[in-house]
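We have chain A; now place chain B onto it with these hints.
Those protein sequences? They're chains A and B, same order as listed.
The letter at position 212 of the first sequence is residue 212 when you use our numbering, and the numbering goes up by one with no holes.
The letter at position 132 of the second sequence is residue 132 when you use our numbering, and the numbering goes up by one with no holes.
Quick caveat, the hints were computed from the structure, so don't treat them as lab data.
One thing to keep in mind: the hints can contain errors.
[Claimed, not checked] In the EDC-like style, the derived pairs of lysine to aspartate or glutamate whose C-alpha atoms are separated by at most 16 Å in a straight line are:
| # | chain 1 | residue 1 | chain 2 | residue 2 |
| --- | --- | --- | --- | --- |
| 1 | B | Lys192 | B | Asp69 |
| 2 | A | Lys116 | B | Asp208 |
| 3 | B | Lys186 | B | Glu201 |
| 4 | B | Lys125 | B | Glu53 |
| 5 | A | Lys84 | B | Glu161 |
| 6 | B | Lys75 | B | Glu103 |
| 7 | A | Lys116 | B | Asp199 |
| 8 | B | Lys125 | B | Asp57 |
| 9 | B | Lys192 | B | Asp66 |
| 10 | B | Lys75 | B | Glu104 |
| 11 | A | Lys116 | B | Asp198 |
| 12 | A | Lys154 | A | Glu23 |
| 13 | B | Lys107 | B | Glu71 |
| 14 | B | Lys70 | B | Glu110 |
| 15 | B | Lys2 | B | Glu53 |
| 16 | B | Lys70 | B | Asp193 |
| 17 | B | Lys77 | B | Glu100 |
| 18 | B | Lys77 | B | Glu104 |
| 19 | A | Lys116 | B | Glu196 |
| 20 | B | Lys77 | B | Glu103 |
| 21 | A | Lys154 | A | Asp132 |
| 22 | A | Lys84 | B | Asp183 |
| 23 | B | Lys186 | A | Glu182 |
| 24 | B | Lys186 | A | Glu189 |
| 25 | B | Lys212 | B | Asp198 |
| 26 | B | Lys125 | B | Asp50 |
| 27 | A | Lys116 | B | Glu209 |
| 28 | B | Lys77 | B | Glu99 |
| 29 | A | Lys116 | B | Glu201 |
For reference, the chains in residue letters:
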Amino acid sequence: MPVDQSLKIELGKQGIFVTTIQELYNWGRRSSVWPMQFGLACCAIEMIATTMARYDMARFGAEVFRPSPRQADLMIVSGTVTKKMAPQVVRLYNQMAEPRYVIAMGACAISGGPFKQGYNVLKGIDRYIPVDVHIPGCPPRPEALLQAFITLQKKIDVQHLTGEDRPRFLDADAQGEFPVPEQGAHDLEPTSNQGVWPVQIKTGTQGTRDPGN
Amino acid sequence: MKTVEEIKAAIEAAVPGAEVEVVPNPGPAAQHSLRLAPDKAVAVAAFLRDDPELAFDFLSNVTGVDWPDKEIAEKVKVTRQVTKTVDGPDGQKVGQQVEETVEETRKRNEPGWLEAVYHLYSVAKKHGPLVLRMRTVNRADQVALPSFTPIWRAAEFQEREIFDLYGIVFTGHPDLRRILMWDGFKDHPMRKDYVEPDDFEYEPTAHDEVLKRAQERRSREQATGNREQVPSAG
Chain A
1 MPVDQSLKIE LGKQGIFVTT IQELYNWGRR SSVWPMQFGL ACCAIEMIAT
51 TMARYDMARF GAEVFRPSPR QADLMIVSGT VTKKMAPQVV RLYNQMAEPR
101 YVIAMGACAI SGGPFKQGYN VLKGIDRYIP VDVHIPGCPP RPEALLQAFI
151 TLQKKIDVQH LTGEDRPRFL DADAQGEFPV PEQGAHDLEP TSNQGVWPVQ
201 IKTGTQGTRD PGN
Chain B
1 MKTVEEIKAA IEAAVPGAEV EVVPNPGPAA QHSLRLAPDK AVAVAAFLRD
51 DPELAFDFLS NVTGVDWPDK EIAEKVKVTR QVTKTVDGPD GQKVGQQVEE
101 TVEETRKRNE PGWLEAVYHL YSVAKKHGPL VLRMRTVNRA DQVALPSFTP
151 IWRAAEFQER EIFDLYGIVF TGHPDLRRIL MWDGFKDHPM RKDYVEPDDF
201 EYEPTAHDEV LKRAQERRSR EQATGNREQV PSAG
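Pulled out of the complex, with its shape left as it was, chain B reads as follows:
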């Protein structure tokens, strides 16, 4: 199989306007992935499947990743004009502009995104895997990605699962609905900010996080006398 850079060059030659970027994988397997921009992704996928040399005809796995928002606190040196009161020549207080360098801690909120990762193999040429990634714009409202189901049928159920568990909406999918949870379910359980419903009433051998939740529940019940469940925040 060609290396990832060669495949990137082939894609850029065949599909003009496609934005492809190599995402290096620092682990020992060195399976670098190609990050595709969503707008030409279907054309790129069709090229990867139909090209006689690459011939990626087997989509073996589609998975989702949740990159949560990050809050970065950084120390910044800021130069500011500060007015200081100084004794003037006439014995009065005079304001004087002085430059002062102050170190400030600024908090930045870097938005996260959702990602769909595809693993492609070639049964005809016996090479692979090629890893593709596609990122959404953010995690809240712009969560659409093009679906690869028209290209590889294997993506159908797996993209439904990613829609169910992560919330990525695949445009062009023939039947996009929940597959593991029921249709009326409102959360996306595999996201990092999913809160489980509070049904830890009885825990005979609690440990670790379950122990913490069971103790919270017990202390809440003893404090308020209320055995009802707390509606989940998820």
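Just chain A, same shape as in the assembly:
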């Protein structure tokens, strides 16, 4: 249970630091999220700009971009995911060790973006892997990527260690490996992972602003 804030401050003034295991554990995890070196297209240029001197991402804990998925906590999917590349993205995600997070950066990673009707464009990486933070933009500004990073840190902060809503890496029965799509004759097979992307088709009356759904 959380510690009473005023008591915490009072004791802090006396030189005594009071916290819970959950707070400490999550603070340690969120302050050192190491991304994987993974850029696909133009959004990768913005990601690189975010790591450079002006919008430094290292001050938020993304100290090094690890080249190996085994050592990384975060995969920033930056750029258009083509259908040719999609199985490899899912394989890399499977190879990352838990706890792992995904940021879908840019319109292409969220839904296919401006190239959505392309013959080789996957309409969003969240068809196959679970995404934690989506950043709209084409490309999103470096400040937007930093905002997404902070959002992810806030999400990690409130994760419980026990109980029903604990995250996947603390749950022994949770699914850890996501099926890799095959490259079929006309399209990827399956076209989406129904466990990850359960699209709700709304039936009945629709508003005039949303006729395509």
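Only chain B this time, still in chain A's reference frame:
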């Protein structure tokens, strides 16, 4: 640079038997192209590169074009012999041959073809561009063209791309395989009759053609209750 007609004359003088035709370009740039017949095309290309005056040593672009089959409906006046029954002199019905002119609508299917277009420049002589075209026989089974990769190395990847997206098979290419799509892919996406796979399940801001497809999909799902994809016809 010489004009297109002069280059055509030079090619016909140097490579006997080469069939070259000028395809005029009606636009303001007036970049007329030369259409080559596939059988002597490699010899023509070698001449264009090695000739000291033309010296086309830089192949800047190779692209493909799909000319689909055309169905032409035309009205034709046809004269036919028609038998008409007429009252005969004895009060019986007699058949009589009469010529009648009838207007008929005939439908003709003109087969299309695939085309590869090459843009050549000369870095040594600083002239260009020269546009070359080569046509296949049809779009279905006779889709082979000679490859210019032995002449200009720049054609290697671009001819692979045309093979991937249009289906033109380049004979003499050192490594002809798909370059943008994966190897097991069966369609040629840039052809006019390519049908995209049906993955328009969720369209929040649909418009134009996407709106049409999303609505078709929604009505099909509501009618049949089936959310599965339709296997594409492509």
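Status of each hint after checking the structure:
At most 16 Å may separate the alpha-carbon atoms for a hinted pair to count; B/Lys192 and B/Asp69 meet this at roughly 10 Å. Between A/Lys116 and B/Asp208 the alpha-carbon distance is near 14 Å, which keeps this suggested pair within the 16 Å criterion. A C-alpha spacing of about 23 Å is found between B/Lys186 and B/Glu201, which places the hinted pair above 16 Å, so the restraint is violated. Restraint check: the Cα-Cα separation between B/Lys125 and B/Glu53 comes to about 8 Å, which is no more than 16 Å; the hinted pair holds.
Straight-line distance between C-alpha atoms of A/Lys84 and B/Glu161 comes to about 15 Å, which keeps the hinted pair within the 16 Å bound. Taken as a hint, the B/Lys75 and B/Glu103 pair is honoured in the structure, with Cα atoms around 6 Å apart against an allowance of 16 Å. Restraint check for A/Lys116 and B/Asp199: satisfied, since their Cα atoms lie roughly 10 Å apart, inside the 16 Å limit. A distance of roughly 9 Å separates the Cα atoms of B/Lys125 and B/Asp57; the hinted pair therefore holds under the 16 Å criterion.
Taken as a hint, the B/Lys192 and B/Asp66 pair is honoured in the structure, with Cα atoms around 7 Å apart against an allowance of 16 Å. For the suggested pair B/Lys75 and B/Glu104, the alpha carbons sit about 6 Å apart, so the restraint of at most 16 Å is met. Using a Cα cut-off of 16 Å, the hinted pair A/Lys116 and B/Asp198 holds, with the two alpha carbons roughly 13 Å apart. Taking the CA atoms of A/Lys154 and A/Glu23, the gap is about 12 Å. The hint holds against a cut of 16 Å.
For the hint linking B/Lys107 to B/Glu71, the alpha-carbon distance of about 7 Å falls within 16 Å, and the restraint holds. At roughly 5 Å between alpha-carbon atoms, B/Lys70 and B/Glu110 fall within 16 Å of each other, so this suggested pair holds. At roughly 9 Å between alpha-carbon atoms, B/Lys2 and B/Glu53 fall within 16 Å of each other, so this suggested pair holds. This hinted pair checks out: B/Lys70 and B/Asp193 have alpha carbons roughly 13 Å apart, not beyond 16 Å.
Restraint check for B/Lys77 and B/Glu100: the C-alpha separation of about 10 Å stays at or below 16 Å, so the hint holds. In summary, the hint linking B/Lys77 to B/Glu104 is supported, as the alpha carbons are separated by about 6 Å, within the 16 Å threshold. As the CA atoms of A/Lys116 and B/Glu196 are separated by approximately 12 Å, the hinted pair is consistent with the 16 Å bound. Taking the CA atoms of B/Lys77 and B/Glu103, the gap is near 4 Å; set against the 16 Å cutoff, the hint holds.
A hinted pair counts as satisfied when its Cα atoms are at most 16 Å apart, and A/Lys154 with A/Asp132 qualifies at roughly 11 Å. Of the supplied pair hints, the one linking A/Lys84 and B/Asp183 holds, its CA atoms being roughly 10 Å apart against a limit of 16 Å. Only pairs whose Cα atoms come within 16 Å are accepted, and B/Lys186 paired with A/Glu182 is accepted, the gap being roughly 14 Å. Only pairs whose Cα atoms come within 16 Å are accepted, and B/Lys186 paired with A/Glu189 is accepted, the gap being roughly 14 Å.
Of the supplied pair hints, the one linking B/Lys212 and B/Asp198 holds, its CA atoms being roughly 12 Å apart against a limit of 16 Å. For the proposed pair B/Lys125 and B/Asp50, the alpha carbon gap of about 12 Å is at most 16 Å, so the pair holds. Between the alpha carbons of A/Lys116 and B/Glu209 the distance comes to roughly 12 Å, so the proposed pair stays at or under 16 Å and holds. Under the criterion of a C-alpha separation no larger than 16 Å, the hint pairing B/Lys77 with B/Glu99 is consistent with the structure, at around 13 Å.
For the proposed pair A/Lys116 and B/Glu201, the alpha carbon gap of about 12 Å is at most 16 Å, so the pair holds.
Checked against the numbered hints listed earlier, the structure breaks hint 3 alone; every other hint is satisfied.
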